[in-house]
Each structure stands twice: as structure tokens, then as C-alpha cells.
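**Student:** Residues per chain are reported as follows:
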Amino acid sequence: GAVVSQHPSWVICKSGTSVKIECRSLDFQATTMFWYRQFPKQSLMLMATSNEGSKATYEQGVEKDKFLINHASLTLSTLTVTSAHPEDSSFYICSARERGNEQFFGPGTRLTVL
Amino acid sequence: QKEVEQNSGPLSVPEGAIASLNCTYSDRGSQSFFWYRQYSGKSPELIMFIYSNGDKEDGRFTAQLNKASQYVSLLIRDSQPSDSATYLCAVKTSGTYKYIFGTGTRLKVLA
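If you're matching them up, the sequences are chains Z and C in order.
According to my numbering, the first sequence is numbered sequentially starting from 467.
According to my numbering, the second sequence is numbered sequentially starting from 116.
What the hints contain is simulated information worked out from the structure, not anything from laboratory work.
C-beta atoms are modelled at their ideal positions from N, C-alpha and C, and glycine is treated no differently.
It is possible that part of the hints are untrue.
If you anchor each label on the Cβ, the simulated ranges turn out as follows [claimed, not checked]: (1) C:N137 to Z:K507: 15 to 23 Å; (2) Z:D531 to C:Q185: 36 to 44 Å; (3) Z:Q495 to C:Q146: 21 to 29 Å; (4) C:S123 to Z:R576: 19 to 27 Å; (5) Z:E518 to C:D173: 29 to 37 Å; (6) Z:F505 to C:T211: 35 to 43 Å; (7) C:Y166 to Z:D493: 20 to 28 Å; (8) Z:P573 to C:Q185: 43 to 51 Å; (9) C:S184 to Z:G482: 47 to 55 Å; (10) Z:K530 to C:D173: 18 to 26 Å; (11) C:G144 to Z:D493: 28 to 36 Å; (12) C:T211 to Z:P506: 43 to 51 Å.
Computed, partial: chain C to chain Z, Cβ under 7 Å [to be verified]: (13) G144; (14) S147; (15) Y154; (16) F164; (17) K207; (18) T208; (19) F216; (20) T218; (21) G219.
Pulled out of the complex, with its shape left as it was, chain Z reads as follows (with noise of 0.2 Å):
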């Protein structure tokens, strides 16, 4: 139980274009969806939290407009990289929880903007 997947495990696209990014739970209904982004050798920093059917609660730092997300269903949250530029490559994260506190997190998503 409790598997999350994510779609496209990796991409590589140009410098101007926007990039989706699916995360779904396959097996159970997540009450709350986590998107994180880590860079090389550091640590998971958190981007946004979602609850679905509203909006996305962003941290301090990170832009509502250029990272989009959606989470429309209790399993699916999708964000969106509008405008990508080189230093958005990076390894995007989603987690979701279920009724506990544990996150369980999904494969990753690998982005890189030439």
C-alpha cells in the first residue's frame, strides 16, 4: 500500500517552455499532496502543500506564478514549471498523505531546462 507515482520520470526541454509534472497516489485517497525540489547533493526543500479542491499553500520563496499547482482530485496534483530556465533543473518530489502524518513520497521527477 500507500504507493505514489509520478509522470515523466525525467525531462529535458528548452529554456521558455513549460513543463507538467503528474503525481498521483495509486492506492489511497491523499488528503494532502507535498511538492518538493532538491538540488545535487542537498536536501528536500519543500515548495508548496495542496489539499484538494483548493488552492496551494507556496513557502517563502517560491513563486505562485511560475510554479502552478493543481490538485484536482483526492489523487491527483499536478504542477506546472511555467516559463522553465536552466536553474529550474532540478529533481522535483511530490508526497502524499493519507490520515496519518507519514508522507510517502513518489519516484521523482527529473527536470533539466537547456
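Following the hints, complete the assembly by docking chain C onto the known chain Z.
**Tutor:** Relative to chain Z, chain C alone:
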């Protein structure tokens, strides 16, 4: 600023030994603590969580929590080369479901 601190390592232990990983946190109101294992290029995998003071054992893993000292640790018994990874300590912030992660400790188990 709420913080979670870990020694970055690397911590090297011989195969079969006990690996001891430590984590301190600043938010005295924190109630939930988690250990994740992360292999290079992969996402974190939950190993254990602990909510109460004392020890919690699961197979070769033991989590220890001391809220008075704001300290949580992970012991790995009979360490195997496959345990070589970065171990992340995460603390759920009081009043929210958000985690704050430490920077992780890189563990190397030498065959």
C-alpha cells in the same frame, strides 16, 4: 527558524557493525519524527517513524527519541553494503503536516 540538523558524513562502518545516525531539532513542539533512506538519484523511502520517547524497533532498525534533549537517532544493526545511502531525518512541524528535513547523513558500509 525551525531547523533539523544532521552530520553530513560520510559515516563509514564495516559490514556487520552497528551504524548510528543522529539528528537534532529546534522546534520543541514537534511531535512526529521520521527517518528516510535515499539512494543516489532516487526519492526518499520511509524507514521508520517515532512519536513517543524511547526506542522503537523494526527488524534491523531502531529509532530512539529523546524529546527533552530534542534528539532522535537511528541505529542500523548488522549493517550491509546495501544500506549504503543517505539517511534523512524529517520532523513534522507542530500545528501542520509539513516536514522539515535535515541535510542527511551519508552512510557507507564497507564490505
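**Student:** Decide, hint by hint, whether the structure agrees.
**Tutor:** Each hint, compared with the structure:
| no. | hint | verdict |
| --- | --- | --- |
| 1 | C:N137 to Z:K507: 15 to 23 Å | holds (20 Å) |
| 2 | Z:D531 to C:Q185: 36 to 44 Å | holds (38 Å) |
| 3 | Z:Q495 to C:Q146: 21 to 29 Å | holds (24 Å) |
| 4 | C:S123 to Z:R576: 19 to 27 Å | holds (22 Å) |
| 5 | Z:E518 to C:D173: 29 to 37 Å | holds (31 Å) |
| 6 | Z:F505 to C:T211: 35 to 43 Å | violated (24 Å) |
| 7 | C:Y166 to Z:D493: 20 to 28 Å | holds (24 Å) |
| 8 | Z:P573 to C:Q185: 43 to 51 Å | violated (32 Å) |
| 9 | C:S184 to Z:G482: 47 to 55 Å | holds (51 Å) |
| 10 | Z:K530 to C:D173: 18 to 26 Å | violated (39 Å) |
| 11 | C:G144 to Z:D493: 28 to 36 Å | holds (32 Å) |
| 12 | C:T211 to Z:P506: 43 to 51 Å | violated (28 Å) |
| 13 | G144 | violated (14 Å) |
| 14 | S147 | holds (4 Å) |
| 15 | Y154 | violated (11 Å) |
| 16 | F164 | holds (6 Å) |
| 17 | K207 | holds (5 Å) |
| 18 | T208 | violated (10 Å) |
| 19 | F216 | holds (5 Å) |
| 20 | T218 | holds (5 Å) |
| 21 | G219 | holds (6 Å) |
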